[in-house]
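Enquirer: Here is what each chain is made of, one letter per residue.
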Amino acid sequence: MRQNLYSAVFAAGITFVLTCLMIGVKLTSEGTQLKVVSATEAQWGWIFAGIALVFFSQLFRDQISAATAGIPRPKLATLVPEQVRSPKLKPWLLAALVVGLFVWPFMVSRGAVDLATLTLIYVMLGLGLNIVVGLAGLLDLGYVAFYAIGAYSYALLSSYFGLSFWACLPIAAVLAATFGFVLGFPVLRLRGDYLAIVTLGFGEIIRILLNNWTALTGGPNGISGIEKPTLFGLEFSRRASEGHVPFHEFMGIDYSSGHKVIFLYLIAVVLVIWVLFVINRLMRMPLGRAWEALREDEIACRSLGLNRTVIKLTAFTFGASTAGFAGCFFAARQGFISPESFVFIESAIILAIVVLGGMGSQFGVILAAIVMTILPEFAREFSEYRMLLFGLLMVLMMRWRPQGLLPSKRPHMELKR
Amino acid sequence: MSQLLLDVNGLTMRFGGLLAVNNVNLAVHNRQIVSIIGPNGAGKTTVFNCLSGFYIPSDGSVVFKGEQIAGLKDFRISRKGLVRTFQHVRLFSNMTVIENMLVAQHRHLDTNIAAGLFKTKRYRQLEQEAMDRAAYWLEQVDLLDFANREAGNLAYGQQRRLEIARCMVTQPELLLLDEPAAGLNPRETKQLDELIVQLRDEHEISVLLIEHDMSLVMGISDHIYVIAQGTPLADGTPDDVKQNPDVIKAYLGEE
Ligand SMILES: Nc1ncnc2c1ncn2[C@@H]1O[C@H](COP(=O)(O)OP(=O)(O)OP(=O)(O)O)[C@@H](O)[C@H]1O
Ligand SMILES: [Mg+2]
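Quick note, the sequences are listed as chains A and B, same order. In terms of the working numbering, the first sequence opens at residue 1 and continues consecutively. In terms of the working numbering, the second sequence opens at residue 1 and continues consecutively.
Read the hints as simulated data drawn from the structure, not as lab findings. Take the hints with a grain of salt, since some may be wrong.
[Unchecked claim] In silico DSBU-like pairs for lysine-lysine, Cα to Cα no more than 30 Å straight-line:
1) A:K90 <-> B:K119
2) B:K190 <-> B:K119
3) B:K80 <-> B:K65
4) A:K90 <-> B:K121
5) B:K121 <-> B:K80
6) A:K260 <-> A:K228
[Said to hold, decoys possible] Just a sample of chain B residues kept apart from chain A, beta carbon distances all over 12 Å, derived:
7) S93
8) Q105
9) D142
We put the CB at the ideal spot given by N, CA and C, even for glycine.
Please work from the sequences and hints to get the whole structure.
Expert: The structure is reproduced here in structure tokens:
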């Protein structure tokens, strides 16, 4: 009880400081002057109610957990029927899924396809960060920086040198990987906590750099008019630029803006499949096993001659290159990018996807990416509370399912005789 | 006399004011089993940590195969063929037995990434070789039937044997075993005894052993070093050491 009182006072104190700083007082600019504005009375009421809630829930946490122990927890593992888990059916199911992914967009609305494309970008990002956090156990809080590097590589290369999307895709991945390598090299020798801090800082540095290097990046105005991807040189606009043929003319069909949306979606599907393929192979390769081993017991790895810095660095670099990939595609899809798209919250969302999905589990990450991008769309009216909902979701997850929606089930190597 | 494999001179390790290892000398020749004994807290594990690069010795030289290795990174020393086990078992417990063996061969399998992504012929061949080597050593330690089990689910004695097999698959020349018999029953201890002798006689490697089980040590060692409170007390053949009055005093005095 005494212990609980301490932690209750402590938690309430932290809540007080944080809420006061974030909600209680605000800096607003009035003309040329900055003014400190206090919250309204009603807001203060809410703040103190919140602090009281934190205090009492901490004080009586034993009683609360005893009371909630009776509530049955969802058994997510049973959601997937037993037969589906049998290895024989798996290739067929996968094939059906892939075919479905390709056929589906032709039957639904443009908005849905667009949303699916966005979801696929987050799937890619989640899978990439999952290599770093889930497989190699390195906490990267600035993952969005590599995403930004990928996006800006394409935007800049395309607008300055007229390079095509397909040429930029590998370049963006390599550039992001290079940044990952250069950042990781000094940092990965340090302990885990430092990595989190340094990556957090790196994410901000990249964003601020993009914001201020106006001559190159256009600063806060960003870069617009980024070229869309083409299909073997066929463009998806009504009228093609010089020397190019529009897709609809080539095919002899009427122009529809939906074609472009579907085309982008299909590219995203292909990219996700490629990323999945690479990660799955990596996990069965010595390198992937080394990531896993390093997470399990670093000392044993060192005693067996594994160079931990190099192994961590490869994980970090692979993760970064995936983000570069995703970033390049993002820039192509949006046609417009600005530093606004690469704020810390993006890193947090991607990390939330990895945690929610179950660290290391690819299927879980895909599921979580879908949940995290589609739910907010349905809950538009709550958009102001989006972060609050994410926070709540994270707390509930940590409380009831710390291993994630679908905990990782690694493909095991088998000795066949 | 066979060739000198490991030559340690004046090895010293200080932790702040504590002198954990004080001026220790060791010599291990090819195809020898050499033991280090001494009371609890004598500094035996610290010696291992210095030799294997986990600690940088405060002073002294460590020459392995004619090359100074004191101060080298742990993984570099291991790659030179000096591999150790730990006093407390350190397996990758969520991985299977065979995967534990494959991780240890990381270096032998070091093909480029594209080769692995597209499973080239050479990659598959290397992988098969690694599998075969793993299977061979699992058979040597009597674990082949458990190859696809999770390492963490093995019995304690099996885990200790797996740790030795995992070292052996890296093809070392000198194996450092830190209390491998601790916690084993008499039958398992006898198996271990046979295994260590086999490593020397058939696989022609040397073993440096820390062990409290005196009958095991006296039975298999070619040479024994005794240290107490970090300081060398005596060394010689098992018979020399057994009759050394200082050693008797140190052990009896302790009890
Ligand atoms: N990293 C360290 N920092 C400070 N002191 C240490 C460190 N490692 C070992 N020691 C100290 O060095 C001394 C020797 O320890 P060591 O573990 O080498 O003994 P040991 O001979 O292996 O004993 P045991 O038979 O119990 O395994 C002990 O007093 C221990 O507390
Ligand atoms: Mg010890």
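Enquirer: Going by Cβ atoms, does S93 (chain B) stay more than 12 Å from chain A at every point?
Expert: violated, 7 Å
Enquirer: Can we confirm that no CB of chain A comes within 12 Å of the CB of D142 (chain B)?
Expert: Non-interface label stands for D142 (chain B): nearest chain A Cβ at 15 Å, farther than 12 Å.
Enquirer: Starting from K80 (chain B), check that the Cα of K65 (chain B) is at most 30 Å away, please.
Expert: holds, 9 Å
Enquirer: Taking 30 Å as the top limit, are the C-alpha atoms of K90 (chain A) and K119 (chain B) close enough?
Expert: Holds: K90 (chain A) and K119 (chain B) sit about 21 Å apart, inside 30 Å.
Enquirer: Measure nothing beyond the straight line between the CA atoms of K90 (chain A) and K121 (chain B); if it is 30 Å or shorter, mark the hint as holding.
Expert: holds, 26 Å
Enquirer: Against the 30 Å threshold, does the CA-CA distance of K190 (chain B) and K119 (chain B) hold or violate the hint?
Expert: Violated - the C-alpha atoms of K119 (chain B) and K190 (chain B) are around 43 Å apart, more than 30 Å.
Enquirer: So if I understand the rule, the pair passes when the alpha-carbon distance is 30 Å or less; does K121 (chain B) with K80 (chain B) pass?
Expert: holds, 29 Å
Enquirer: With a cut-off of 30 Å on the C-alpha distance, tell me whether K260 (chain A) and K228 (chain A) pass.
Expert: holds, 9 Å
Enquirer: Far enough from chain A: is every CB of that chain over 12 Å from the CB of Q105 (chain B)?
Expert: Q105 (chain B) is in fact no farther than 12 Å from some Cβ atom of chain A, at 8 Å.
Of the numbered hints given earlier, the model fails hints 2, 7 and 8; all others are met.
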